[in-house]
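S.K.: Chain by chain, the residues:
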Amino acid sequence: MQITLNGHPHDCGDNLTLTQLLHEAGYAGRRVAVEVNQEIVPRSQHGAYALRQGDQVEIVHAIGGG
Amino acid sequence: MNIKTQDTADTLVIAGKSYRSRLLTGTGKYKDLDETRSATLAAGAEIVTAAIRRVNLGQDPNAPNLLDALPPGEFTLLPNTAGCYNAVDAVRTCRLARELLDGHQLVKLEVLGDERTLFPDVVETLKAAEQLVADGFEVMVYTSDDPILAKKLEQIGCVAVMPLAAPIGSGLGIQNKYNLLEIIENAKVPIIVDAGVGTASDAAIAMELGCDGVLMNTAIAGAKDPVLMAHAMKLAIEAGRAAFRAGRIPRKRFASASSPIDGTIG
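The listed protein sequences correspond, in order, to chains A and B. For what it's worth, the UniProt record's numbering labels the leading residue of the first sequence as 1, then goes sequentially. For what it's worth, the UniProt record's numbering labels the leading residue of the second sequence as 1, then goes sequentially.
Looking at chain B on its own, in the form it has when it is part of the complex (with noise of 0.2 Å):
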């Protein structure tokens, strides 16, 4: 088929950069680096979370890692400030991160609230953003799901706001599907909600919002076959985004037959 399925022109811009896949995923809880390379391959991911810590010293160096098996050449790294609990220690791992990528400018701004819920802190959320922002910071940040908010940090600059779904790992899917409704019609960067997906219905149906991506880990990672699920997350994507382009039959209470009614026998 060469209609609209194929349509090479509908790619999710990031900061100026397009990528084909809508479905950026985060590596960590895998069973070790061959998993979690596999996953992402089957994802048909091109934008990759990883986390900023310190080596283990006394630990053996030239063990393989994180690039080794994601290399930035292949990949584009999302750097993250996850475990993050004010504006100094975000900004902190951001400049670090972009130390270690060698001048790489984007990044994955989370602080967190507290270790319950791992709900943003929005106040601490809101500092680190401007402050990176000024330093020159491309900045995709997890937020809440409220939509003034996501407008604020839209306005401050960040390049993609990524609200929520469902609090991180929980996978109980989308939760407030108005307030993302309402935040993907005002916005004028991407929105990628990121955290709270379960399985591949829940990335659908973020998808077949409007939603510009999805950004999940534990859906995938933790899995019986992290592999598969990353294979079907990328069908639901895929899925979703084309029924969002092709656009929903409105809902009726009463039934609308398919056959036509002129012309039946008797």
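One chain only, chain A, in its complex shape (with noise of 0.2 Å):
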């Protein structure tokens, strides 16, 4: 299925977690804050959510700013 990653399309397996979309983008125990569909996915929620074909996801961190 496809999903939007970041703004960019992004394929992925079908019921992918965001626990697992995490892990395959590198991000597995990062610190970043995640949201599907502009609504936030809480960290300890992210092994039970499944991703669902075209769902809007963001992966954020923080870095320098003023």
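To be clear, the hints were calculated from the coordinates, so they are not data collected in a lab. Among the clues, some could well be false.
[To be verified] One side only, chain B facing chain A, incomplete, derived with CB under 10 Å:
| id | residue |
| --- | --- |
| 1 | 69 |
| 2 | 77 |
| 3 | 82 |
| 4 | 92 |
| 5 | 95 |
| 6 | 98 |
| 7 | 99 |
| 8 | 168 |
| 9 | 169 |
| 10 | 195 |
| 11 | 216 |
| 12 | 217 |
[Unchecked claim] Covered by chain B, per the in silico footprint, the following chain A stretches (three or more residues, Cβ under 8 Å):
| id | region |
| --- | --- |
| 13 | 4 to 17 |
| 14 | 22 to 33 |
| 15 | 37 to 47 |
| 16 | 53 to 61 |
[What the hints assert, rightly or not] Reference excerpt, derived from the structure (chain A facing chain B, CB under 10 Å, subset only):
| id | residue |
| --- | --- |
| 17 | 64 |
| 18 | 65 |
| 19 | 66 |
Computed from a predicted structure; not experimentally measured. The beta carbon of each residue, even a glycine, is placed where N, CA and C say it ideally should be.
Both chains are sitting in their own frames, so use the hints and assemble them into the complex.
M.R.: In structure tokens form, the structure reads like this:
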């Protein structure tokens, strides 16, 4: 299935969980925040959260800024 | 000296938490994370801002990041909403920041009006502030130097009001002392000058006016020697604060001799 990840089309397996997506992207255990379809998904729910076709996923972190 | 120069009770209190430093620093525009950390330490800053951005997929996810250089256990992180031009995006960014920082409530709200001036869009800022306060955030809000608006933001429940001294990154210094004074004198929450400082004397002037603190980024990060400028800013903030507390002499048009007039020879 296809999702949108940080603004770009992204192919992934059906029913992929957020934990699996983060693992594939290399961000497992890293300090990031995740939003799906403009709603925060708390870290504690990543394992149970199965993505669906067309989901808009944002993975963000903190960088330098004023 | 053990006189009031070492007054440990003169702290900056934001949302119930006390800080010794009145210099808040940004973390953008540095050469690298080592320089970011060195300048932050030289500034003596306890509150440091951070931006929330998409991770760069495809780049090394294990590369050091800002929170490795400035760990939340050592500094109070102040995630900002820089780059947001409407209330919806600003609120969304704050929620992401709260999730990122494990329930952290303190945020710097800035909703910008346009790219040329980076002046705040005060209508959207008010909307976002209302939503964020209702949502339990502790909002430090970047705003214009308008005393009426500053009061409204305080009344909404913002924990600090942060008027600009001049446009972000301009280095023009304090442009409207009298507006700032009006804001300071009417405020019940800390007033922190955010944006516009160019050099140490600008920071000292802000503090002499009675501001509770100054937040700056470009003035330090953009200096030829950022670490040395961070040190200069620390001294300026401390000097300005001490001068404010000491109470300056009134300005007079004519001279007033420093030495006694009685007992002169001749």
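S.K.: Now look at each hint and say whether the structure bears it out.
M.R.: Hint check results:
| no. | hint | result |
| --- | --- | --- |
| 1 | 69 | holds, 9 Å |
| 2 | 77 | holds, 7 Å |
| 3 | 82 | holds, 5 Å |
| 4 | 92 | holds, 7 Å |
| 5 | 95 | holds, 5 Å |
| 6 | 98 | holds, 8 Å |
| 7 | 99 | holds, 4 Å |
| 8 | 168 | holds, 7 Å |
| 9 | 169 | holds, 8 Å |
| 10 | 195 | holds, 8 Å |
| 11 | 216 | holds, 8 Å |
| 12 | 217 | holds, 3 Å |
| 13 | 4 to 17 | holds (count 4) |
| 14 | 22 to 33 | holds (count 7) |
| 15 | 37 to 47 | holds (count 4) |
| 16 | 53 to 61 | holds (count 4) |
| 17 | 64 | holds, 4 Å |
| 18 | 65 | holds, 3 Å |
| 19 | 66 | holds, 3 Å |
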